[in-house]
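> Work out the full structure, taking the sequences as your base and the hints as a guide.
Spelled out from the first residue to the last, the chains are:
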Amino acid sequence: MASDNDLFRVLVYDLAAAKGDIVMLPGRGEMIGGSGLAALLFAKYGEVAADALDPGQPIIFAIGPATGYFPLMSKTVAGFKSPYNGFYAESHAGGRSALALRFAGLDALVVIGRAKRPSVLVVGSRRLELLDTHYLWGADVFTTGKLLRKIAAGSSGHRSIMRIGPAGENGIGYACVNVDTYRHFGRLGLGAVMGAKNLKAVVVQGDADLPLPVDKGYAKLFKAIHEQVTSSGMMAKYHDLGTPANVLPLNELKSLPWRNMTATSDPEAAKISGEAFADELLMHNAACSGCPVGCIHIGMVREKFSDAHRFAIHQVAYDHEPNFAAGPMLGVTDPAEVLAINDMADRQGLDIISAGVALAWAVEATTKGLFSEKDTEVRLAFGDAEAFKRALWLLGHKANDFYALLGQGSMAAAKHYGGEEFACVLGQEMAGYATGETYFVSQTVGFRHSHLDTGAYSYDQKHKEKDVAAVVKFLIDDERERVLLTSLVGCLFARGVYKPDVIAEVLTSLGYPELAAGQDAAAEKARRARWRLKLATGYDPVLTRIPRRFAEITTWKGPVDAAYMEALRQAYAEAVLALVKEE
Amino acid sequence: MKVHRAVRMERCIGCHSCSLACARLVYKAVSWNKAGIRIRSTGGVSSGFQAILCLACDPAPCAAACPTGALTQRPSGGGVRLKKDLCIRCGKCAPACPVDAIYLDALGDPCVCLHCGQCIPYCPHDCLELVDADAPSAPCLESCHGER
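Note that the protein sequences, when read in sequence, are chains A and B.
Here the working numbering is used: position 184 in the first sequence is 184, and no number is missing along the way.
Quick note: to get the working numbering, add 1000 to the position in the second sequence (first position is 1).
Because the hints were derived from the structure by calculation, they are not lab data.
Quantities reported herein were computed from a predicted structural model and do not represent experimental measurements.
Note that CB positions come from ideal geometry on N, CA and C, so glycine has one too.
Don't take each hint at face value.
What the hints assert, rightly or not - Using C-beta positions, here's what the derived DEER-type ranges look like: (1) 1010(B) <-> 214(A): 35 to 43 angstroms; (2) 51(A) <-> 1117(B): 52 to 60 angstroms; (3) 1106(B) <-> 303(A): 45 to 53 angstroms; (4) 1001(B) <-> 143(A): 46 to 54 angstroms; (5) 215(A) <-> 1106(B): 19 to 27 angstroms; (6) 233(A) <-> 1118(B): 20 to 28 angstroms.
Written as structure tokens, this is what we have:
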């Protein structure tokens, strides 16, 4: 690579000193950006042995070479050590974050240290300041956003506000970071890492203009990709009903977890289908900056708070995963209540997937008498939306010892109270796919413990045969393809568009012909780098366990085969270890 | 003459594809600022989006403020022409615009909508349109055009 092309431009900000450094770091040709860059930066600035909430640990926000230059290249990768599990972790978000970083002139922002007082970091192409915002400590996510639009004024429309709520301040293990109201760095507790740094928010102002790529074919290539994503129907499923379109098919396939996954289908599914949400509550769509698809679905909750016909309006973004966690998993089948539960989790700055699944465990544990209403402060029962809203407030505010434990995850609580066998935890609280062995193993062993690590949930819906070697090959190959996309950084919804030949054209037009030719090798390098970090921070995929509940269910394929699932888990774990050993 | 109007902004999803297209195709930059159309939220993304672009004033106060003839009134239909080689980067045009539609880049070069319509195909929700300049409609009301 040409040397200038190989350099990442990184702002490293020390909250304790209230000073930043611009660091030019080589490695583009090997690590691409995004996932690869985050791993590169954690290896440089992170401390594998230190606690996740140690002030010295970095928070890394990384974008990639294609960010802002092509459609759907609209995501930011956060790299950090997770307070949920103690391992190196990634979380991804869109909103305006990616383009704001691009137009702030950065490939990555690294935040280290702990601010002396609760603060907000404001970053722009010609601005860098740490604002004392002690008065925002304790404020919910939406109030924080509203006030910051005034406090950190400038670049309206071209600015990203990434902030935490009470859950992050209180160190909840699955506290999220809210990005521009409707998107999140959701899973694995980045919000708690920000809270431990006294960092209420990061505001990124995208206020610089960049030169056009030299390649004459750039505008033409952009046009071709734009036309493909907007007119081919390829992305229709994402902007029509959106991901909740999955509900009815999953329910039909006995693959939708209900009531702490005591069932995998239910006749009530139609009430909370994608169609029901669209017909009853959908207000409008929104988009991440730089993405013409507009997959963000925003529903309206009209809350009647007085008999004199007084209403409060809540606008709540919805998707399959949050809907699953606040809906069927909790036995809630009124779409408006599903959104109201989501809204409460959002205000606290809690990841709703983790929080909803943890509460589902708490309901079952309650019925089994493992703790009392004295612990939960509210009687938890499937279908009782009011109780769940109250519980989410208590969880976000770490109201007592019970919620402090539950805030470290349902498995942490189960280790104390009992009930590990029915905690729906696959590395972290499960996502909304009870599709079978492939998915359960993928989320359990996978790098992010996310449904997006691989296409396992889709594989389960198409494959009945039990072929350990074939499945492991699929998981290993699919992960690498996804790491390539999350290093560019593209939205994973774009994986049908950005095939290897298109990625090669993109990278060539941006002036990275060698990277275009060596994209697979670079993606492999990035993939292994992040695995190496995860292992260095203590993760052993062989020691993972799948709770008994996952072997007790029936999907369209029949009862889950526990022995096959265990063989698959071990084989995938060994394959992951082999990736790192091969180096 | 045609005039570019953001006639259906209530459909806008905030993807910024229009601004990026104008920057890419007209102002030869990668930017969401260096463009003749820019998208802002009207107070957080939950409150909807607003397009900031030239309203095709006639007479145009920006042209009146320009001391060199870099910005001149279009022959008909309102709006201005921009001759970059005449611009001395004095910055008088931007504050003269009543709707803040002229962006001055870091060097002081003005960017304003030239009513060329190149951004329009990039809007996924058909918010933007080139309309006849002599059509009898108010320039500053967005949805009015569609309901004429």
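> Run every hint past the structure and note whether it holds.
Results of checking the hints against the structure:
Judged by the Cβ atoms, the range 35 to 43 angstroms given for residue 1010(B) and residue 214(A) holds: they are separated by roughly 39 angstroms. For the hinted restraint 52 to 60 angstroms between residue 51(A) and residue 1117(B), the CB-CB distance of approximately 57 angstroms keeps it satisfied. Distance hint for residue 1106(B) and residue 303(A): a CB-CB separation of about 46 angstroms, consistent with the stated range 45 to 53 angstroms. For the hinted restraint 46 to 54 angstroms between residue 1001(B) and residue 143(A), the CB-CB distance of approximately 48 angstroms keeps it satisfied.
Range check, residue 215(A) to residue 1106(B): Cβ separation about 23 angstroms, and the 19 to 27 angstroms hint holds. Between residue 233(A) and residue 1118(B) the CB atoms are about 25 angstroms apart, so this pair conforms to the stated range of 20 to 28 angstroms.
Hint violations for this structure: none, all hints satisfied.
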